[in-house]
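Sequence lines, in order, name chains A and B.
Residues 253 to 623 (our numbering) are what the first sequence spells out, left to right.
Residues 253 to 623 (our numbering) are what the second sequence spells out, left to right.
None of these hints come from the bench; they were simulated from the model.
Errors might be hidden in some of the hints.
[As the list claims (entries may be wrong)] Taking beta-carbon pairs under 10 angstroms as the criterion, some of the chain B residues facing chain A (in silico):
| hint | residue |
| --- | --- |
| 1 | Val338 |
| 2 | Arg577 |
| 3 | Ala580 |
| 4 | Val589 |
| 5 | Thr592 |
| 6 | Ala611 |
[Said to hold, decoys possible] With beta-carbon atoms standing in for the labels, derived distance ranges:
| hint | chain 1 | residue 1 | chain 2 | residue 2 | range |
| --- | --- | --- | --- | --- | --- |
| 7 | B | Ala602 | A | Pro418 | 54 to 60 angstroms |
| 8 | B | Asp594 | A | Asp620 | 22 to 28 angstroms |
| 9 | A | Gly528 | B | Ala602 | 44 to 50 angstroms |
| 10 | B | Glu558 | A | Gly291 | 31 to 37 angstroms |
| 11 | B | Asp302 | A | Asp593 | 49 to 55 angstroms |
| 12 | A | Ser280 | B | Thr546 | 30 to 36 angstroms |
| 13 | B | Ala602 | A | Gly530 | 47 to 53 angstroms |
| 14 | A | Pro306 | B | Ala567 | 50 to 56 angstroms |
Treat the numbers as computed from the prediction; the structure is a model and nothing was measured.
All C-beta atoms, glycine included, are put in the ideal place defined by N, C-alpha and C.
Number of protein chains: 2
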Amino acid sequence: MSIDAASNFCTIIPAGGSGTRLWPLSRSDRPKFLLDLFGTGRSLLQSTVDRMAPFGTAENIYIVTGAGHVDAVREQCPEAAQGILVEPSPRDSMAAIGLAAAVIHHRHGPTVVGSFAADHVISGSVEFNRAVGEAIEVARQGYLVTIGIPATRPSTAFGYIQVGDPLDIAGAPTAHHVTAFQEKPDSLTASRYLATGKYRWNAGMFVMATDVLLGHLAELRPQLHQGLTTIAQAWDTDRKDEVLAEIWPTLDKVPVDVAIAEPVAAQGGAAVISGGFGWDDVGDFNSLAALLPTVDGFGNKQIGDENQIVTKKVAGSIISANSSRTIAVLGIDDVVVIDTDDALLVTTRARAQEVRNIAAKVADEIPDPPV
Amino acid sequence: MSIDAASNFCTIIPAGGSGTRLWPLSRSDRPKFLLDLFGTGRSLLQSTVDRMAPFGTAENIYIVTGAGHVDAVREQCPEAAQGILVEPSPRDSMAAIGLAAAVIHHRHGPTVVGSFAADHVISGSVEFNRAVGEAIEVARQGYLVTIGIPATRPSTAFGYIQVGDPLDIAGAPTAHHVTAFQEKPDSLTASRYLATGKYRWNAGMFVMATDVLLGHLAELRPQLHQGLTTIAQAWDTDRKDEVLAEIWPTLDKVPVDVAIAEPVAAQGGAAVISGGFGWDDVGDFNSLAALLPTVDGFGNKQIGDENQIVTKKVAGSIISANSSRTIAVLGIDDVVVIDTDDALLVTTRARAQEVRNIAAKVADEIPDPPV
Numbered sequence: 253m254s255i256d257a258a259s260n261f262c263t264i265i266p267a268g269g270s271g272t273r274l275w276p277l278s279r280s281d282r283p284k285f286l287l288d289l290f291g292t293g294r295s296l297l298q299s300t301v302d303r304m305a306p307f308g309t310a311e312n313i314y315i316v317t318g319a320g321h322v323d324a325v326r327e328q329c330p331e332a333a334q335g336i337l338v339e340p341s342p343r344d345s346m347a348a349i350g351l352a353a354a355v356i357h358h359r360h361g362p363t364v365v366g367s368f369a370a371d372h373v374i375s376g377s378v379e380f381n382r383a384v385g386e387a388i389e390v391a392r393q394g395y396l397v398t399i400g401i402p403a404t405r406p407s408t409a410f411g412y413i414q415v416g417d418p419l420d421i422a423g424a425p426t427a428h429h430v431t432a433f434q435e436k437p438d439s440l441t442a443s444r445y446l447a448t449g450k451y452r453w454n455a456g457m458f459v460m461a462t463d464v465l466l467g468h469l470a471e472l473r474p475q476l477h478q479g480l481t482t483i484a485q486a487w488d489t490d491r492k493d494e495v496l497a498e499i500w501p502t503l504d505k506v507p508v509d510v511a512i513a514e515p516v517a518a519q520g521g522a523a524v525i526s527g528g529f530g531w532d533d534v535g536d537f538n539s540l541a542a543l544l545p546t547v548d549g550f551g552n553k554q555i556g557d558e559n560q561i562v563t564k565k566v567a568g569s570i571i572s573a574n575s576s577r578t579i580a581v582l583g584i585d586d587v588v589v590i591d592t593d594d595a596l597l598v599t600t601r602a603r604a605q606e607v608r609n610i611a612a613k614v615a616d617e618i619p620d621p622p623v
Numbered sequence: 253m254s255i256d257a258a259s260n261f262c263t264i265i266p267a268g269g270s271g272t273r274l275w276p277l278s279r280s281d282r283p284k285f286l287l288d289l290f291g292t293g294r295s296l297l298q299s300t301v302d303r304m305a306p307f308g309t310a311e312n313i314y315i316v317t318g319a320g321h322v323d324a325v326r327e328q329c330p331e332a333a334q335g336i337l338v339e340p341s342p343r344d345s346m347a348a349i350g351l352a353a354a355v356i357h358h359r360h361g362p363t364v365v366g367s368f369a370a371d372h373v374i375s376g377s378v379e380f381n382r383a384v385g386e387a388i389e390v391a392r393q394g395y396l397v398t399i400g401i402p403a404t405r406p407s408t409a410f411g412y413i414q415v416g417d418p419l420d421i422a423g424a425p426t427a428h429h430v431t432a433f434q435e436k437p438d439s440l441t442a443s444r445y446l447a448t449g450k451y452r453w454n455a456g457m458f459v460m461a462t463d464v465l466l467g468h469l470a471e472l473r474p475q476l477h478q479g480l481t482t483i484a485q486a487w488d489t490d491r492k493d494e495v496l497a498e499i500w501p502t503l504d505k506v507p508v509d510v511a512i513a514e515p516v517a518a519q520g521g522a523a524v525i526s527g528g529f530g531w532d533d534v535g536d537f538n539s540l541a542a543l544l545p546t547v548d549g550f551g552n553k554q555i556g557d558e559n560q561i562v563t564k565k566v567a568g569s570i571i572s573a574n575s576s577r578t579i580a581v582l583g584i585d586d587v588v589v590i591d592t593d594d595a596l597l598v599t600t601r602a603r604a605q606e607v608r609n610i611a612a613k614v615a616d617e618i619p620d621p622p623v
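Work out the full structure, taking the sequences as your base and the hints as a guide.
Rendered as structure tokens:
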């Protein structure tokens with residue numbers, strides 16, 4: 253159970269959430285991170301693992317997931333088997349990331365860890381590697397480091413990072429203090445943020461040393477710190493299940509931003525690296541469509557078996573053929589047609605954020621629903 | 253091979269055409285007339301047969317269909333087996349109706365026949381029976397009789413009948429001369445027709461005596477008359493196939509309107525009965541939608557298994573669930589979603605007339621297409 257000593261770095265990948273806004277592609281038993289949305293042959297989770305290869309071997313990868321998905325995660329990422337940690341139940345991101353950090357700390361001593369969501373899409377590996385490299389340098393100085401994405405539109409779908417003064421750290425020329433982490437703003441506030449040029453999108457990427465992270469937790473969330481430390485000490489013993497069963501259900505359910513990032517930023521202990529790479533959380537079919545290549549001169553996007561799709565007088569659509577069925581679409585712009593073996597969704601890109609509502613309605617109204 | 257002598261009337265049902273505007277519900281091997289579009293348990297063809305029950309027994313029913321559909325027709329209408337006539341190839345409505353009339357004439361002598369399409373929808377049996385009764389009375393006086401539907405909107409999808417002076421025939425109070433049959437008009441012409449109150453929609457219902465029909469054919473289309481008479485004489489003999497194979501391919505391909513209705517009207521020999529019943533040719537999904545009951549307060553229409561359909565923020569839609577799949581539609585008004593086991597159509601009611609174009613495109617582009 254050794255990690256790549258040269259890097260002294262571990263990746264943490266929280267792999268949870270079902271992504272109901274991508275229903276019926278994503279399901280509770282086939283969440284977004286397990287899907288190959290871009291036809292590359294690799295799921296979003298696998299792509300996340302692949303992306304971290306420059307920062308250590310597979311032994312340096314820790315994936316935190318639920319009991320319902322662990323088999324699929326093991327199948328997709330067999331090389332990371334040692335680092336797959338199973339949460340007995342979802343208790344939000346602080347518990348998930350804190351669990352991995354505590355286990356890594358217990359196994360390997362103080363280690364810089366970087367947490368990256370399992371279901372985000374990133375393009376531009378040179379820039380990504382540069383940003384992670386800078387973040388690791390700054391984390392070694394004791395900072396809670398995040399990688400912020402330059403905001404290019406007044407999005408209300410993302411949290412924001414308010415950038416402060418530059419930090420002067422060797423090997424991290426883009427590092428700045430974080431003045432504050434801001435929750436998802438309303439439209440007017442988002443426009444104001446954008447106008448100042450002082451805000452980055454919060455992509456949920458956190459890099460810090462395990463001892464720093466656990467130190468913040470000990471100060472800010474002592475009960476959570478105590479619980480996670482106790483669990484980590486039992487993790488590689490035969491007492492693991494017993495301790496987990498006793499302690500896990502009592503842990504605070506709190507996002508990592510609220511638990512440590514915001515208070516640490518307020519104390520001046522957080523830093524942000526500028527991430528000049530393509531990033532998206534693929535939050536819904538509209539953002540998925542934006543990431544896919546067009547298949548014709550009309551901005552249409554397709555997923556799955558394109559040979560099964562026929563369109564006429566259609567522009568800006570996203571059509572997914574995931575069954576052997578022929579799909580014919582005529583005369584509707586910006587339509588979303590997601591066909592699977594047992595469920596079909598028809599909506600518009602403008603309604604993409606509301607897909608979770610119709611997925612919930614399906615679960616309510618259909619006996620034995622495909623959820 | 254006797255017909256109901258009391259009525260001395262036979263029904264002719266031309267059952268051809270695939271109805272590509274209802275693709276993928278209708279297919280070349282499952283044309284519109286074989287479909288149960290209204291969930292009544294009876295296809296349009298079966299409903300047409302049922303509707304004619306007041307005018308004679310099953311032996312009085314003649315169905316003219318193609319070789320590709322004869323098995324399905326026999327299965328749906330076993331009681332009409334004696335009267336199922338198979339066309340070797342489609343040669344338009346005059347050949348189809350003329351064949352049945354010639355066979356009936358040869359089998360039973362002069363008989364009043366009424367031709368009714370296999371794939372139209374009619375509501376209001378009292379009015380329908382009244383109109384057919386009147387038409388039979390007028391046909392007995394030697395007229396070519398049609399039943400015209402009062403035009404209620406300036407439709408460009410139907411042909412029109414121009415109504416002339418009243419006829420004074422006992423038992424037929426609504427009978428009028430036909431001044432002319434008009435082809436499908438443009439929108440302006442249709443509005444002019446509607447404004448005069450002198451036009452009826454041509455529902456393709458023709459009632460006349462076989463000797464009158466054959467007499468008109470002998471005068472107007474002597475080659476067609478000769479061919480059909482020769483075929484009819486051979487029909488119930490072992491020379492049938494040989495004679496059909498020789499003569500059928502040589503017959504004029506011409507609609508009944510053009511072959512006899514229009515010229516006979518010009519000679520003053522055509523009459524129209526006012527048909528005050530609901531009638532539609534279910535030409536596309538928009539007209540089908542108009543005929544279906546709404547399932548909610550938003551004008552949504554459904555076909556098939558309604559328990560599989562979930563909608564939210566949808567009005568004026570028509571959704572057809574013909575597979576076991578769940579169908580969820582969110583936030584699109586007037587959408588048409590037709591789901592079958594092997595093909596899915598998504599379009600709008602406004603594009604309903606163009607569905608045949610996308611069906612043709614599917615046939616062109618998909619290997620082994622579901623057509």
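Results of checking the hints against the structure:
no.: 1; hint: Val338; verdict: violated, 31 angstroms
no.: 2; hint: Arg577; verdict: holds, 6 angstroms
no.: 3; hint: Ala580; verdict: holds, 5 angstroms
no.: 4; hint: Val589; verdict: holds, 5 angstroms
no.: 5; hint: Thr592; verdict: holds, 8 angstroms
no.: 6; hint: Ala611; verdict: holds, 7 angstroms
no.: 7; hint: B/Ala602 - A/Pro418: 54 to 60 angstroms; verdict: holds, 58 angstroms
no.: 8; hint: B/Asp594 - A/Asp620: 22 to 28 angstroms; verdict: holds, 23 angstroms
no.: 9; hint: A/Gly528 - B/Ala602: 44 to 50 angstroms; verdict: holds, 46 angstroms
no.: 10; hint: B/Glu558 - A/Gly291: 31 to 37 angstroms; verdict: holds, 35 angstroms
no.: 11; hint: B/Asp302 - A/Asp593: 49 to 55 angstroms; verdict: violated, 38 angstroms
no.: 12; hint: A/Ser280 - B/Thr546: 30 to 36 angstroms; verdict: holds, 33 angstroms
no.: 13; hint: B/Ala602 - A/Gly530: 47 to 53 angstroms; verdict: violated, 38 angstroms
no.: 14; hint: A/Pro306 - B/Ala567: 50 to 56 angstroms; verdict: holds, 53 angstroms
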